[in-house]
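Chains Z and F are the protein sequences, given in the same order. Going left to right, the first sequence walks through residues 226 to 669 as our numbering numbers them. Going left to right, the second sequence walks through residues 4 to 274 as our numbering numbers them.
Just so you know, the hints here were simulated from the structure itself, not pulled from any lab data. As the structure is a computational prediction, the values presented were derived from the model and not from experiment. A virtual CB, placed ideally from N, CA and C, is assigned to each residue, including glycine. Hints may be right or wrong, so weigh each one.
As the list claims (entries may be wrong) - Which residues of chain Z face chain F? A few of them, derived with a C-beta cut under 10 Å, are:
1) Gly244
2) Glu266
3) Leu274
4) Gly277
5) Arg279
6) Glu350
7) Gly366
8) Ala423
9) Gly427
10) Glu633
Unchecked claim - Taking lysine to any residue and the SDA-like style, the derived pairs with C-alpha atoms no more than 20 Å apart in a straight line are:
11) Z/Lys470 / Z/Glu438
12) Z/Lys470 / Z/Arg586
13) F/Lys17 / Z/Lys597
14) F/Lys17 / Z/Glu358
15) Z/Lys597 / Z/Arg279
16) F/Lys17 / Z/His354
17) F/Lys181 / F/Asp138
18) Z/Lys235 / Z/Asp626
19) F/Lys17 / Z/Leu355
20) Z/Lys235 / F/Glu60
21) Z/Lys235 / F/Thr55
22) F/Lys17 / F/Leu42
23) Z/Lys235 / F/Arg59
24) Z/Lys235 / Z/Ser505
25) Z/Lys235 / F/Val61
26) Z/Lys597 / Z/Thr473
Unchecked claim - Anything over 10 Å on all C-beta distances counts as not near chain F; from chain Z, calculated:
27) Gly311
28) Pro315
29) Lys370
30) Gly382
31) Arg405
32) His504
33) Ala568
If you want the building blocks of each chain, they are given just below.
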Amino acid sequence: MTQRPETRIKVPVLARVEGEGGLEIVTEHGQVTEARLDIYEPPRFFEGLLRGRRYTEPPDITARICGICPVAYQMSACLAIEDACGVTVPAPVTALRRLLYCGEWIESHVLHIYLLHAPDFLGYESGIHLAREHPEILQRGLRIKKAGNRLMEVIGGRSVHPVNVRVGGFYRAPDPRDLRALAGELEWARQAALDTVAWVAGFDFPDFSRDYEYVSLLDPAGYPVMGDRVASSRGLDIPARDYDKYFTEHQVPHSTALHSLLDGDRTYLVGPMARYSMHSGRLPEAAAAAARAAGLGASCDNPFRSIIVRAVELVYACEEALRLIRQYEPPDPPHVDVPPVAATGYGCTEAPRGMLYHRYRITADGTIADAKIVPPTSQNQRVIEADLREFAGPRLGLPHDQLTWQCEQAVRNHDPCISCSTHFLDLRVRDRAAEHPGPEVPLA
Amino acid sequence: MSDAERTRPAASPKPTLAVWKFASCDGCQLTLLNCEDELLAIIDAIQVANFTEASREVVAGPYDLSLVEGSITTPHDAERIREVRRASKFLVTIGACATSGGIQALRNFSADLAPMVYATPAYIETLRTSTAIADHVPVDFELRGCPIDRRQLLEVISAYLLGRKPRVRGHSVCIECKRAGHTCVMVAHGTPCLGPVTQAGCGALCPSFARGCYGCFGPMETPNTAALSARWLELGASEGDLVRAFRAFTAGAEPFREEAAIHDTAARDTH
């Protein structure tokens, strides 16, 4: 057998991620020369579609960017439009939004932990294969997931694309009895989440760590879910409305999603590891104790251990949901009026996968003139590629199939949502008479 | 014991299931994983042979049942759906994207830009339009909704396993709304509602939240969109409001597309 001059790891279709992507690693003379997360999910041009629509429509329209985290889109959209119109919603509305968001963190994190990520550590092709040998494990995961989905259904009507969210608040405030009726199952889910932390903490983790710059929101209410300041672990602390001054996006040939950089050249990480590493001190005691017992320090820099962080956040989301249900006062009225103002508004919230930024410019008659959406996965693309490069480099001697699987796992560490990341790409119009690209033109 | 086990001889191999994704949000295939109480019974009755979002394992086709999510927006996908059709014995499209082109079909209504639009830099190959799967290949059953309803999905899978027609009705949201005992938001509160022309299946969710239906299940069979539009105008809606209402999550579905076009012309005439 002749020695190959280069190793090429190519996974054309990545499984167990949301959306369509692949990965490719190219080596020469024992060195990784290229590590790419290929994103070929067809773009859906949401930013273009929003132009010309009413300023009340983005919560429903942008929810359709992602079926797994629609609430994140609804919340960032509402905050941005209310910011443009100079409206601050009353505290009970904000509390109910946070409660709805807890439901989404629960269902999304369970999906990733049990169905997408854990099978890698246990050597199963899927959660379905895992269930054949350990049905009780998948049953536990599905029951926690159901508790999160049920919370979203009571508040939002359904868990995929909830119907009850509107600019200014909610169409109808849920009946306190309906929310309290969920407490028993959420108590069970909280305990099952603690068991989940202990379960995933027992997995074997590759010895691998990285020196990340973490970025997350600062949330006056505690562990970051919604907030109006963006901070990094290296000293950035800015109002959300200054986001575009610090974060820039770049198009690359191998991705239909844009790559995002901080201060023009810095790669950064958003998501559970960033939130935990910057705010672990703000977790309630039960979640913090579970994290300590699982061997997590105040921060986490091994991306393979992100599954533990996600499980700790699952405990947090259950606890926080229970707290918010205990304190629930139906917002009355369920929403405040938000008359349109000719202005630009900014909104940032913490989607399960990390910070999600929306910006809208609206006209005096309430028409959307311009929209910008930066989802978490596009922000993490550079980090994922850097992880792949550094992880694969010293492990090129591993059997090809094993290394391929571990590289897939290195991508899944960050729970990439490719459906999300792609859909903000915009179509542009070029004036053929001119040499340079012309202005963006609305499509709808 | 699952229904399938009751009706199939124990020795017969399980039917195979494949789940395919085109341009979409993943929400409809997620609905399958959201069948928390039934998922283990489903995978007991049917072999999950190809479901990229859930499994690395890919069993070669042909597949007995294919669920197809998403719309066709690229030349590559227009080819790929033909391969999926060839590999599928029974093909069910799930959701507004697969059955009508989805929200991304809004791009279909800017024809004047067509010759000039492309991505910059031009790395992306994309079609001018977003279209339903049935515009490209024959489809055996269409399940509506943005997203699809979990109970209806279970009904379609069960019906397939039992070899009968799915009980999915084509009547309007109004019937569901009356059955649920909701107060009519349009009659009682004057809130514009698409319920009278929208296919049932969601459980009349929006009216239960004191909100008008926004049509995410697409047109019912034989919708009287003209009569509903007239009522909206009486309630104070503008021609532009009607264009946006019909041109939204199922903009490519024919009755809604036609009704939106009528009001688009009217809106332009008034300006």
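These are the hints, each one checked on the structure:
no. : hint                : verdict
1   : Gly244              : holds (6 Å)
2   : Glu266              : holds (8 Å)
3   : Leu274              : holds (5 Å)
4   : Gly277              : holds (9 Å)
5   : Arg279              : holds (7 Å)
6   : Glu350              : holds (4 Å)
7   : Gly366              : holds (9 Å)
8   : Ala423              : violated (22 Å)
9   : Gly427              : violated (22 Å)
10  : Glu633              : holds (8 Å)
11  : Z/Lys470 / Z/Glu438 : holds (18 Å)
12  : Z/Lys470 / Z/Arg586 : holds (16 Å)
13  : F/Lys17 / Z/Lys597  : violated (47 Å)
14  : F/Lys17 / Z/Glu358  : holds (18 Å)
15  : Z/Lys597 / Z/Arg279 : holds (15 Å)
16  : F/Lys17 / Z/His354  : holds (16 Å)
17  : F/Lys181 / F/Asp138 : violated (34 Å)
18  : Z/Lys235 / Z/Asp626 : holds (11 Å)
19  : F/Lys17 / Z/Leu355  : holds (19 Å)
20  : Z/Lys235 / F/Glu60  : holds (16 Å)
21  : Z/Lys235 / F/Thr55  : holds (16 Å)
22  : F/Lys17 / F/Leu42   : holds (15 Å)
23  : Z/Lys235 / F/Arg59  : holds (14 Å)
24  : Z/Lys235 / Z/Ser505 : violated (37 Å)
25  : Z/Lys235 / F/Val61  : holds (16 Å)
26  : Z/Lys597 / Z/Thr473 : holds (12 Å)
27  : Gly311              : holds (25 Å)
28  : Pro315              : holds (19 Å)
29  : Lys370              : violated (6 Å)
30  : Gly382              : violated (4 Å)
31  : Arg405              : holds (19 Å)
32  : His504              : holds (28 Å)
33  : Ala568              : holds (21 Å)
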